[in-house]
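S.K.: The chain contents come next:
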Amino acid sequence: MSNRKIFFLTLTAIFLIGLSLRIFLLSKFPVSLTIDEVAQSYNSYSILKTGKDEWGESFPLLFRSIGDYKSPLLIYTMIPAISLLGLTEFGARVTVAIISAITVIIVYFLVMILTKNKSISLLTALSLAISPWHITPSRVSHEAVFGLFLVILSTYVFIKSIENRSKLLWLSASLFILSMYAYHVEKLFTPLFILGLIFIFRKNLWERKKECLLAALTGLILAAPLILITLSPVGRTRANMTFLTQDVEINSSLHKDNENLSLAAQIFDNNFIQTFNFWAKRYLDYFDLDFLFVDGMEFTIPNSPDVGLLHLFELPFFLIGIFVVIVRKEIFKEQFRNLLIFWLLLGPLAASLANNAQHPARSLTMIPIPQLLVGTGVWTVFQKIRNIQHKKILAILLSGMTLSSTLYFMNLYFINFQLFFSEGLMDGWKDAAIYALENKENFQEVVIDPRFGTQAGDIVGVPYLYVLFYGKIDPNHYQNHPRRKEAVDSSNFDQFTFRSINWIHQLDSDKFKKNTLFIGSPWVLPVKEEQIIKRFYIYNGKEILRAATVR
Amino acid sequence: MRAKLLLTLIIFAAILRFPYIDITFLKAFTLVSGILAVLGSIFLTRQLFPERGNLDLWVGLSMAINPWGIWLSKVESWEMIGFSLLIWGMFFIFKKGKFRLLGRILLFVTILVSFTWLPVGANFSLLLDQGAISNVNTLRGQNLSVGLPSLSSLFFNKSYYMIKIFENFLSHINLSYLFARGEGSPLLLIFLPFFIFGLISIITEKPKNFGLLIFWFLLSTIPSLFLTTGVATNRFLPALFLFSVAIAWRMSKLEKKWIYLALILVIINFSIVAYNAYVK
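If you read the sequences in order, they're chains C and A.
Heads up: the first sequence at position 512 corresponds to 512 in the working numbering, and the numbers run straight through without jumps.
When you read off a place in the second sequence, starting at 1, and then add 1000, the result is the number in the working numbering.
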């Protein structure tokens, strides 16, 4: 068999491994569709049927959804899958899963053009194919996966047009701008990344001014609507909601506007310095090897075996990769090495400016670089070993470690993670929604309380989306239903009312409301045993919701 | 000139250690040890890397101004006393001639002091942690509950303690811990770029005594390796010298025009940290 054929078969095998890890039992695991998944799917369905989102806005560039103003591109991209498979779990998840698997191939081509080394490219692609960091968001239809795909693809097209002097810079610019329509992180990452590319490849670009001008024009035209929306009050909502200063860890220690500060405090303890210090900590946390290789995915409770963003066995190869690429300055030519370092440093920037510590999905933009360093590390080790027998032994050992570590990850993901965190995944709403839909005719009103959790807490679900999704409610009917006009943010329709249930106190009104089906968490509905008509359980067997009526 | 700079550094180190101090006998002893550790590190650097020009003075600056060198000089700290003895012991070991015996004695005393600050019972809390094994059993139970018992003992077993120990090791090189937690970090944030570039230079150049630096680092992680709490900065104090060497490695190569800017930034950074530690 020729070398070319072997590489092609290996790449195909890696793609299939990546694809199967992303679509294996996709409709069953995670055990419940998340709020984002139902919101994206139903809005996609709504656009397909009516050309409008759930709030009746025609072809929006920012989806209001549940008030979090989602990026639009994924919702539009999901339309073919939704039209083909309908509002099903598989239909909701398959688009991102496939995009994710294709990313593995694109990474191969990107690394190939950077290194001209097929082995490193294949090893990097394999590392990405089995990566917990990439697989996990790929199975919950996360926008970050789509944003990453477009960033990698546009970088590939950019490098390709620089290397081959092909006239594709405009295409690269277009794809870069599209990535900003895919996920919020890219709205910060992509412009800075483009500036970095322009600086690193300034000499190459200077020689092709006309093409650069065309690319800049294309980019500006495509970006114009996004810029306008992002700068509008609605567009800023998301950024304001998630910015670093909203984090509870720092929010309380920041000075208020009317606070009297001493001169020393104004100099050494002002809000800018506090925020900067806090940001520095958060940013450096993304380079914590413990987070990256031991327990970053948080599939289990603290002080338990877990898995990192990358597999633990990849750590030595990652370090060797850093040594070879950054310290010894080998394999990559200077421009490409600078690109890698810049990408690695820029990757977690947006995530570190947001309000959660060490967020794997938000830092996904940096993923190609650690995987590339792992690939380079493995290749370097093989290069250092002269003896063929030793090479074979290492290959067998490495295959064994890859297999066992992937199985370990799958065990944690498919079993332990689902059992520990099914509540956080909104498990229970599906069963409750289906029950409500099947029994709505027997009641005058169905009241569903969004407050959620096995114990009283501050989790709030969005049950109306699950009712819309599993009821396959006609978007036209929903958008124009008169009950939706009752309030600005009303999601009530037909017999369904989504509000807090008043059942705790002696004289609470809902306790006397007959011919009504109430669905809520056990602590919301502390009803008598004979009033419970159905209990809903999450994956670990705990009661999460119950249906009750006044008898 | 060198003597003047050296004297200035020592006075500077002393001044940084005096504010808000409430002197007792042991505290005074620790304070002197802290200042002597700065002086010793300058001499030791000179011994280890004689060809490196002013590296020793930059190491002295880093030792003088980095937060944990200061905080641990101001409290009753056996760790600081041990650290100072270690530095001087190493210096005399590397100093040729009759001083070697003195070095050996000091290192022996360091070991004795180490036993004082590291009571054996508290050193292996990680291995005695029943919580970890209970969680391992929970994971096994979950596998059993879904009908996959065969994988559970393969993946979840007592080897988890090895992972925990390894995690503890990794926490010693967490840049966020080392540089970005304000007064809670051993080193000032401004030193981070110098540390990274210094480390790269040291690894590339592989200077004489490179092996000693690696061995020293590995050894200094051991005291917190078996703790449930992860890295304990007071126990990790011996590594402060190594970090200072890496920082100084790059700083000593700075061009003159950048030196002043770097020093201003270092002082601003220290002022912010000191304000948070003393005033806030």
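Hints in this document: simulated from the structure, not taken from any laboratory.
Where hints are given, some of them may not hold.
Stated by the list, open to error - Which residues of chain A face chain C? A few of them, derived with a C-beta cut under 10 angstroms, are: (1) S1252; (2) L1265; (3) I1268.
As the list claims (entries may be wrong) - The following residues of chain A were derived to be distant from chain C, with all beta-carbon distances above 12 angstroms: (4) F1049; (5) W1068; (6) I1105; (7) I1203; (8) Y1275.
No experiment lies behind these values; they were computed from the predicted model shown.
Yeah, the Cβ is synthetic: ideal placement off N, Cα and C, and Gly gets one too.
S.K.: Hey, does A/W1068 actually stay past 12 angstroms from chain C on C-beta?
M.R.: 17 angstroms, holds
S.K.: Is the Cβ of A/Y1275 farther than 12 angstroms from every Cβ of chain C?
M.R.: A/Y1275 is in fact no farther than 12 angstroms from some Cβ atom of chain C, at 4 angstroms.
S.K.: Against chain C, with CB atoms and a cut of 10 angstroms, does the hint on A/I1268 hold up?
M.R.: 9 angstroms, holds
S.K.: Is the claim that A/F1049 lies outside the interface with chain C correct, judged by CB distances over 12 angstroms?
M.R.: 19 angstroms, holds
S.K.: Does A/I1203 really sit off the interface, with its C-beta more than 12 angstroms from all C-beta atoms of chain C?
M.R.: 5 angstroms, violated
S.K.: Hint validation: A/L1265 versus chain C, beta carbon distance must be below 10 angstroms. Holds or violated?
M.R.: Interface hint status for A/L1265: violated (13 angstroms vs cutoff 10 angstroms).
S.K.: Is the nearest CB of chain C more than 12 angstroms from the CB of A/I1105?
M.R.: 39 angstroms, holds
S.K.: Does the closest beta carbon of chain C sit nearer than 10 angstroms to the beta carbon of A/S1252?
M.R.: 19 angstroms, violated
Violated hints, in rising order: 1, 2, 7 and 8; the structure is consistent with all others.
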